[in-house]
Amino acid sequence: MQERIAVVFDFDDTLGPDSTSGFLAHAGITDIDGFWKEVGGMMQQGWDPVPAYLHHMIQASGSGRIRPMTRDALMAWGQTLPLFDGVEQVFAQLRDVVEDANPRVTLEFYLISSGIGDVLRQMSIAHEFNDIWASEFHYNGEGHAVAPKRIISFTDKTRYLFQIQKGVIGPGSRAKPFAVNMKVPSDQLRIPLNQMIFVGDGYTDIPCFSLIKKEGGIPIAVYDQRHVEKWGNAFQFVADGRVSNLHSANYQAGSDLTNFLSMAVRSLAQRIAVSASTYQG
Numbered sequence: 001m002q003e004r005i006a007v008v009f010d011f012d013d014t015l016g017p018d019s020t021s022g023f024l025a026h027a028g029i030t031d032i033d034g035f036w037k038e039v040g041g042m043m044q045q046g047w048d049p050v051p052a053y054l055h056h057m058i059q060a061s062g063s064g065r066i067r068p069m070t071r072d073a074l075m076a077w078g079q080t081l082p083l084f085d086g087v088e089q090v091f092a093q094l095r096d097v098v099e100d101a102n103p104r105v106t107l108e109f110y111l112i113s114s115g116i117g118d119v120l121r122q123m124s125i126a127h128e129f130n131d132i133w134a135s136e137f138h139y140n141g142e143g144h145a146v147a148p149k150r151i152i153s154f155t156d157k158t159r160y161l162f163q164i165q166k167g168v169i170g171p172g173s174r175a176k177p178f179a180v181n182m183k184v185p186s187d188q189l190r191i192p193l194n195q196m197i198f199v200g201d202g203y204t205d206i207p208c209f210s211l212i213k214k215e216g217g218i219p220i221a222v223y224d225q226r227h228v229e230k231w232g233n234a235f236q237f238v239a240d241g242r243v244s245n246l247h248s249a250n251y252q253a254g255s256d257l258t259n260f261l262s263m264a265v266r267s268l269a270q271r272i273a274v275s276a277s278t279y280q281g
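Numbering (the working numbering), first residue to last: 1 to 281.
Hint data in this document are derived by calculation from the structure and do not stem from the laboratory.
Errors might be hidden in some of the hints.
To be verified - Below, simulated DSS-like cross-link-like pairs (lysine-lysine); rule was C-alpha separation at most 27 Å, straight line:
no.	residue 1	residue 2
1	K183	K213
2	K214	K183
3	K166	K183
4	K37	K149
5	K166	K214
6	K149	K166
7	K166	K213
8	K166	K176
Claimed, not checked - Simulated restraints on C-beta separations:
no.	residue 1	residue 2	range
9	R121	Q89	18 to 28 Å
10	N194	R226	28 to 38 Å
11	P51	D240	22 to 32 Å
12	A253	G40	35 to 45 Å
Glycine included, every Cβ here is placed at the ideal spot set by N, Cα and C.
Kindly produce the complete structure, drawing on both the sequences and the hints.
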């Protein structure tokens, strides 16, 4: 058994408030709900949600509705990105739990988001992640976003779970989009899916919830307690049997979520220890 555990997070409404809505407000949109209703109208015309919002942002920038959407502007917003309570401390806390449970096990963190990569890679916790996958823009010579370059939505997110599983990670993997399809013997997988924990909040996370649960990992749904209208969606994930637990997105020490995450990584680390000490012949 591989002596690694992966905790995989979504970002928007999981680790912090919606990063794209925050950027739009920062860039000059005063009616955020109106912007997303316009994106909803595009979906009624057959657009998928993620390319719809990326395209609509590009159009808003080009028309002057928001300040120019350059790579520098997105990165600057990422440096100020707000996080939920306790997020900055939870990584070290979970590493300490794993070290105590089984010092041979390495705990890794990953981020898979439908948000914008140039924002998320600049946030204060970016260094905690072994890899970050998110939607990307293509920029012209002046640095202005002109087209979507990478789109991550729904089942696209499961692709990156398989990349984590097979070790297709790091900057070198970006130019190898088909490497995830390679066949890897089960005893050579870098991190099996049953040694993963996935934490997310929304509809784009449902395929990951389902895959991780089916393969014996631990799927956890969270909700932002400041937005009551989202609680019902999160509870439905439990009712549908897609997740193991539902918690408010409070990562402070002693919170229900952090306690459960600690129990989850401890359980996986101890399971690895038991497997390693069991005769395999």
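Taking only the CA atoms, is the gap from K183 to K213 under or equal to 27 Å?
Judged against 27 Å, a Cα distance of about 22 Å means the pair holds.
Holds or violated: are the alpha carbons of K149 and K166 at most 27 Å from each other?
24 Å, holds
Honestly, do R121 and Q89 meet the 18 to 28 Å range at C-beta?
21 Å, holds
Agreement of K166 and K176 with the hint, judged by alpha carbon distance not exceeding 27 Å:
Satisfied, since the Cα-Cα distance of roughly 13 Å is no more than 27 Å.
Should the hint that N194 and R226 are 28 to 38 Å apart at their CB atoms be regarded as holding?
34 Å, holds
If you draw a straight line from the CA of K166 to the CA of K214, is it 27 Å or shorter?
18 Å, holds
Below or equal to 27 Å on CA atoms is what counts here, so check K166 against K183.
9 Å, holds
Is the hinted pair K37 and K149 satisfied, with a Cα-Cα distance of at most 27 Å?
24 Å, holds
Quick check: does the Cβ-Cβ distance between P51 and D240 fall within 22 to 32 Å?
The hinted range 22 to 32 Å holds for P51 and D240, with Cβ atoms some 27 Å apart.
For K214 and K183, compute the direct alpha-carbon distance and say whether it is at most 27 Å.
Holds, because 20 Å separates the two Cα atoms, which is no more than 27 Å.
Starting from the hint 35 to 45 Å, judge whether the C-beta atoms of A253 and G40 obey it.
For G40 against A253, whose Cβ atoms are near 39 Å apart, the range 35 to 45 Å holds.
Holds or violated: K166 to K213, with C-alpha atoms at most 27 Å apart:
It holds: about 18 Å lies between the C-alpha atoms, which stays within 27 Å.
The structure fails none of the hints (numbered hints given earlier).
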